[in-house]
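So the sequences go chain by chain: A and B.
Take the first sequence: its position 167, counting from 1, is numbered 161 in the working numbering, and each next residue is one higher.
If you want the working numbering, it's the position in the second sequence, counting the first as 1, plus 3.
There's no promise every hint is true.
Each computed DSSO-like pair below joins lysine-lysine, with the alpha-carbon atoms no more than 30 Å apart [stated by the list, open to error]:
no. : chain 1 : residue 1 : chain 2 : residue 2
1   : B       : K299      : B       : K251
2   : B       : K299      : A       : K8
3   : B       : K299      : B       : K64
4   : A       : K226      : A       : K10
5   : A       : K8        : B       : K128
6   : B       : K251      : A       : K192
7   : B       : K78       : B       : K112
8   : A       : K8        : A       : K192
9   : B       : K111      : B       : K128
10  : B       : K64       : A       : K272
11  : A       : K8        : B       : K129
12  : A       : K272      : B       : K299
13  : A       : K272      : B       : K68
14  : B       : K111      : B       : K199
15  : B       : K251      : B       : K64
16  : A       : K192      : B       : K129
17  : A       : K271      : A       : K10
18  : A       : K10       : B       : K129
19  : A       : K271      : B       : K128
20  : A       : K8        : B       : K251
21  : A       : K10       : B       : K112
22  : A       : K10       : B       : K132
23  : B       : K19       : A       : K8
24  : A       : K272      : A       : K192
25  : B       : K199      : B       : K246
26  : A       : K8        : B       : K132
27  : B       : K112      : B       : K132
28  : B       : K128      : A       : K10
29  : A       : K271      : B       : K68
30  : B       : K178      : A       : K10
31  : B       : K64       : A       : K271
32  : B       : K128      : A       : K192
33  : A       : K192      : B       : K19
These are computed hints drawn from the structure, not numbers from a lab.
Computed from a prediction, not measured in an experiment: that's the story for all the values here.
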Amino acid sequence: MINLLRMDFYRLLKGKMLMIGICIMVAMIAFMTGMAVFVESEAAAQLIADGTLTVTTQNTSSSDVTDSNSSQTAITGSDQIKYMNASFFAGGSTSIVLCILATLFIVTEFECGFAKNVFSIRFNRGAYFASKVIVVFVLTIALMLFSIALSLLGATICGFDLVASPFSEWVQWFCLGTLVLFAYELILIAMVLITRNKVIAIIAAVLLSFGIIGNFLTMLITQLMPGSEIYKGILFTSFMAVGNGETGIEALGLTVILTVGLAYALVFGIAGFIALKKRDVY
Amino acid sequence: MNIVETHMLSKRYGAKAAVTAFNMQVHSGDIYGFVGRNGAGKSTVMKMLSGLATPTSGEIKLFNKSIRHASGEQKLGILIENPGLYPSMSAYDNLMLKCLCAGTVNPKKTTNQLLDFVGLANVDKKQSKHFSMGMKQRLGLALALVGDPQLLLLDEPLNGLDPEGVREIRQLIIKLNEEHGLTVIISSHVLEQLGKMANRYGIIRDGQMVCEITAEEVTAQCSEYLHLETNDANKALVIMQEKFPNLKCIAMPQNAIRIQGFANAALIGEAMSHAGIAVSALYTHNRDIEDFFVEKMGGN
């Protein structure tokens, strides 16, 4: 498996995929930081006061609720995790880039036929699957750290006076964020290994990472079963809760997020492995 | 020693049987020409041999070991259907990836040696998507050679190549077999080229092995015959059976007769003349290797 990992990391570093993904992430974080600068500006304050501009924040404690309280949008004085959520996590840049990267990373190998070269010398598909999961997991951690560093650097450059979040809160937020994103990626890996189709895989990655599927499911549950707590079982609910920082995690419950994240990761991990084992390689 | 052995191998895709009760034996050091029409099941067999497809039933033994129990590295190189290249990567990077995957001790050195061997040492950082078909096939062959394989499975490696490219690949394959002792299973529609390489053949029809035959046996079966054209083929056949009972006569279209065996053209001509049959053509003919295989494959 070490050899498979060496191959995968070589491909990540030598290929364009990772560089393009990082560039997109940088651009999105820059855009979100720019938006934050605008929201903090006098001009935005005037527009908000006039009622011309409405700034919304999301709260997912039970269902999607829009809150247009301008005081909640103040960045200076808010803590670092809250800023991170507003600028990149809830903004979606990390999840979008990671989901599309993970999808492309797996599907390209089958699409171009290189997988045949791999499987012809290594019949053990378990090792192959494990190596891909490890690479995606490491990539998730690396890009999460990169996003945090870049977002906080942007905030410092733009002069936002953020309150340092406690280390324990950082660790909790980071672990849960990684778990939820990793579960998202395992859903997509399973999808890729079942369909082996690049177009379907990319569409699925976009729908999932943009929250379109999650929002649709939440809406469906709210409409069909008002008052039901089934929505808590949707991975998107956990994602949004983590995206709201300590408040969101507390509201949904740490156990719920952990259970849901691990359950999705496990179920889709097994589904992906079975699909890889059963399906022929072409 | 058998490098490849299959017993009653079958593969079904839903209700459709792609390969049925397929038995194959490839000896060490063979260049095994694997021939069959499109859709006969050649690629499916190759994919099962290389572990890409799982047999529905039956057994495959590679190097005297069942592949069901294979889990580690295989001394197997493949080029099946297409070379399987990352289009945005160079030849060097594609080869490096395979070397790393195979756990080659010195991947950089091996990569450069293989590029040199297949004549792609000068392509630099050109992306493989910009390669010609011949270059892609050569790179595919280099990929198949990573990890010092003892067995090469090449499915249509001559596809899309110009005559020069065909000759180059053919020479490479012969060189690998003769100098490095590799066993090669090669399928190709270019039967004439296959005839210049293979020392054994396996003919597949409708997913079943029709026969396995050596190159010598093919040559013997393609040995010369007499071609006779007359104005009355039926009468000529009767005369032939009366006068030359030891010869095998086959009626062909357009009043032609194919005569196999040790036939004397002069005697046959004389016999026809005595019987008052006008002979429009009488000549010896060496049977084409392509005709032989097409007939075995179930073609016209």
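Tested hints:
1. Annotation: proposed proximity of K299(B) to K251(B) holds, straight-line Cα distance about 19 Å (limit 30 Å).
2. Under the criterion of a C-alpha separation no larger than 30 Å, the hint pairing K299(B) with K8(A) is inconsistent with the structure, at around 49 Å.
3. Under the criterion of a C-alpha separation no larger than 30 Å, the hint pairing K299(B) with K64(B) is consistent with the structure, at around 26 Å.
4. About 38 Å separates the Cα atoms of K226(A) and K10(A), which puts this hinted pair outside 30 Å; it is violated.
5. The straight-line distance between the Cα atoms of K8(A) and K128(B) is roughly 12 Å, inside the 30 Å bound, and the hint therefore holds.
6. Taking the CA atoms of K251(B) and K192(A), the gap is near 59 Å; set against the 30 Å cutoff, the hint is violated.
7. Between K78(B) and K112(B) the alpha-carbon distance is near 19 Å, which keeps this suggested pair within the 30 Å criterion.
8. Between K8(A) and K192(A), the direct Cα distance comes to roughly 21 Å. Compliance with the 30 Å bound is thereby established for this hinted pair.
9. For the hint pairing K111(B) with K128(B), the CA-to-CA distance comes to about 15 Å; that is within 30 Å, so the pair holds.
10. As the CA atoms of K64(B) and K272(A) are separated by approximately 20 Å, the hinted pair is consistent with the 30 Å bound.
11. Note on K8(A) and K129(B): the hinted pairing holds, with a Cα-Cα distance of about 14 Å set against a maximum of 30 Å.
12. Restraint check for K272(A) and K299(B): the C-alpha separation of about 35 Å exceeds 30 Å, so the hint is violated.
13. The suggested pairing of K272(A) with K68(B) holds, with an alpha-carbon distance near 22 Å, which does not exceed 30 Å.
14. Simply put, K111(B) and K199(B) have alpha-carbon atoms about 34 Å apart, too far for the 30 Å limit, and the pair is violated.
15. Between the alpha carbons of K251(B) and K64(B) the distance comes to roughly 41 Å, so the proposed pair goes past 30 Å and is violated.
16. Distance hint between K192(A) and K129(B) is fulfilled; the C-alpha atoms sit about 25 Å from each other, no more than 30 Å.
17. A distance of roughly 29 Å separates the Cα atoms of K271(A) and K10(A); the hinted pair therefore holds under the 30 Å criterion.
18. Proposed proximity of K10(A) and K129(B) is supported: the alpha carbons are some 14 Å apart, at most 30 Å.
19. Annotation: proposed proximity of K271(A) to K128(B) is violated, straight-line Cα distance about 35 Å (limit 30 Å).
20. Annotation: proposed proximity of K8(A) to K251(B) is violated, straight-line Cα distance about 66 Å (limit 30 Å).
21. The suggested pairing of K10(A) with K112(B) holds, with an alpha-carbon distance near 24 Å, which does not exceed 30 Å.
22. For the hint linking K10(A) to K132(B), the alpha-carbon distance of about 14 Å falls within 30 Å, and the restraint holds.
23. Taking the CA atoms of K19(B) and K8(A), the gap is near 42 Å; set against the 30 Å cutoff, the hint is violated.
24. Of the pairs offered as hints, the one joining K272(A) and K192(A) holds, with about 19 Å between alpha carbons and a cut-off of 30 Å not exceeded.
25. For the hint linking K199(B) to K246(B), the alpha-carbon distance of about 39 Å lies beyond 30 Å, and the restraint is violated.
26. With a C-alpha separation of about 16 Å, the suggested pairing of K8(A) with K132(B) holds against the 30 Å cut-off.
27. Between the alpha carbons of K112(B) and K132(B) the distance comes to roughly 24 Å, so the proposed pair stays at or under 30 Å and holds.
28. Of the supplied pair hints, the one linking K128(B) and K10(A) holds, its CA atoms being roughly 14 Å apart against a limit of 30 Å.
29. Annotation: proposed proximity of K271(A) to K68(B) holds, straight-line Cα distance about 21 Å (limit 30 Å).
30. With a C-alpha separation of about 37 Å, the suggested pair K178(B) and K10(A) falls outside the 30 Å cut-off, and the hint is violated.
31. Restraint check for K64(B) and K271(A): the C-alpha separation of about 20 Å stays at or below 30 Å, so the hint holds.
32. Simply put, K128(B) and K192(A) have alpha-carbon atoms about 26 Å apart, close enough for the 30 Å limit, and the pair holds.
33. Note on K192(A) and K19(B): the hinted pairing holds, with a Cα-Cα distance of about 27 Å set against a maximum of 30 Å.
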